[in-house]
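The listed protein sequences derive, respectively, from chains C and V.
Note that my numbering gives residue 293 to position 293 of the first sequence, counting from 1, and the numbers run on in steps of one.
Note that my numbering gives residue 1240 to position 240 of the second sequence, counting from 1, and the numbers run on in steps of one.
Don't read these hints as lab results, they were simulated from the structure.
As the structure is a computational prediction, the values presented were derived from the model and not from experiment.
Take a look, some chain V residues computed to stay more than 10 Å from chain C by CB distance:
#1 Ser1011
#2 Asp1024
#3 Lys1027
#4 Arg1030
#5 Asp1150
#6 Ala1192
#7 Asp1204
#8 Val1222
#9 Leu1233
#10 Ser1242
#11 Val1247
#12 Leu1252
Derived coverage of chain C by chain V (criterion: at least 3 residues anywhere in the stretch with Cβ under 8 Å from a Cβ of chain V; other residues may be distant):
#13 219–232
#14 242–250
#15 256–267
Beta carbons: idealized from backbone N, C-alpha and C, even for Gly.
Residues per chain, in single letters:
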Amino acid sequence: MISRFLMQDMDRRGTVFLALIAGLAILIPALNLLVPVGSAFHIPTSTMSLWGKYLCYALLAISLDLVWGYCGILSLGHGAFFALGGYAMGMYLMRQIGSRGTYGNPILPDFMVFLNWQELPWYWYGFSSFPFAMLMVLAVPGLLAFIFGWFAFRSRVTGVYLSIITQALTYALLLAFFRNDMGFGGNNGLTDFKDIIGFHVQAQTTRAALFSMTCVMLIAGFLIARGIVVSKLGKVVIAIRDAESRTRFLGYRVDRFKLFVFTVSACMAGVAGALYVPQVGIINPSEFAPANSIETVIWVAVGGRGTLVGAALGAVVVNYAKTVFTSGFMAPYWLFALGALFVFVTIFMPKGILGTARQLLEKRRKPAPAATPEPAPAE
Amino acid sequence: MTAANPGALTSSLLYLDGVSVSFDGFKAIRGLSLTIEPGEMRAIIGPNGAGKTTMMDIITGKTKPDVGTVMFGGSIDLTKLDEAAIANLGIGRKFQKPTVFDFHTIEDNILLALKAPRSVARTLFWKTAAAQAKRIDDILGIIKLGDNRDRLAGSLSHGQKQWLEIGMLLAQDPKLLLVDEPAAGMTDGETAETAVLLKEIARDHSVIVVEHDMGFIRELGVKVTVLHEGSVLAEGPLDQVSANERVVEVYLGR
Ligand SMILES: Nc1ncnc2c1ncn2[C@@H]1O[C@H](COP(=O)(O)OP(=O)(O)OP(=O)(O)O)[C@@H](O)[C@H]1O
Ligand SMILES: [Mg+2]
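Isolated chain C, as found in the complex:
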């Protein structure tokens, strides 16, 4: 039943996307591990991890597209769910360091020893267990989204107001996580990781496995999001986006539908964050920066809102451009370039890269549009 749910009405675009990501999951690690370093086909570990990071962003973008593209909820705080997932993973990785830290304390992470803490705060309990930490990767963002959404959607906060409070949410978390007494490493965040389920995080094979895992999770996230949007629930959600009050008059409890997609989306963003942390080696409060969440919106807009595949594409394209841009002499102008890109896409490509590409294809396929008789709408 589950596979039928995930695969129903699979279209060509989705199939190509799945095949591509599955291909990358095998090909990139193979080129990294099996091809000798001197060869032209060898992919350096750093490049592989960089692409792993892009794919984490792609998963984050898909999660945002689910709520924004399909349900019309413009969340400007999705970075918060991503970062919370990241922190949950970071806490697990910190506990794995054990007595190998600078201060050699078998229980307390270095930053706690430094702050003269005597015992582990209760909310760190359990994080030495991988399954528990993975549960928290889903549960913490999911629960926050659920509580936040419960209040926001029930009191019918929509549009700009909702966007502003999501932005405030991530900003509040940014400030909170900056504080040393919160017990999350303050300013420096969590870093210097050693092992993940017994494997050294820096090892080439671990990196390759993390990359493949990212691909797998991206595929899973895409399938779940797609399963949702093509279901009848997805139709309700689109109806809410386009005519919210009309949907209510049909008897649908709009707040519950919004809460469902928002919570699922937050869990997905949390998974993206959890995969991101071991690949970049650090999580710190800057991940909560409001600008991060806004950038995510731009990726989705650039790729094509309400297409899922487009969102993933946008995340990769924009971040690839960012890497190229910020490593050259144009680095100081990146934000301007990003802003310009956003303005350009909004004005000239309102459907994003994917929508525009499809329009062009369709135009080419039927060269003489006047020749196809369209039933003239009786005005």
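Since chain C is already given, all that's left is putting chain V with the ligands on it; use the hints.
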């Protein structure tokens, strides 16, 4: 407020008494009282701004009255419920400005309206049963949009959207239908067909129709309520109402 006299209320499907609502001090509805019997079709007429649409807003939970009783099925206080709950009780509505889901196909518009469980879980794992598919086909046939079922609703003409919305009402299969200006923007031919369709629907549903088109009202041949400045000015058969001096003065005579 609880039902003061349950005996008198249980027989009517919809019971409004002493309902008032004001917007920023402007009294859109003042002391409105109205009763609809099970199976009845009622036409509501009245000048622009008389409060016809606002009355529907009150019944469907969009607007909460400042004072007054709004009872459904004899004992259910509609003022305590929200839009979704009222819709699920069996009150369906067609809006004055046709509102369909533009980015859904015609068929999906009907599917969304179709009487079925409305919960998150049930819609997530929904499979349209054969009987339901047949019902959708039937409705598409009735509203004459069967050949266009895969077209996006946004591409329909105004008149077709009106019909689609009536089709959505049929799919909902409510006990009471509130139909706000169904013939607006239609040709005379379409208007006549709409009257036939509504009469058909009224055979097994209670219906409240708001219209400005007098020919259409005459066609329906039902009891008429005239609203003016938020309350009932006259009520009765069309001929009797249109002979009423006050009605002629404020509405018909213009
Ligand atoms: N939400 C609102 N806020 C402020 N004023 C409102 C609101 N809804 C209705 N009104 C006012 O209440 C009055 C009654 O409006 P309503 O739409 O019910 O009239 P109507 O009888 O349906 O008229 P029409 O025939 O033009 O559709 C109007 O003066 C309108 O401006
Ligand atoms: Mg009106």
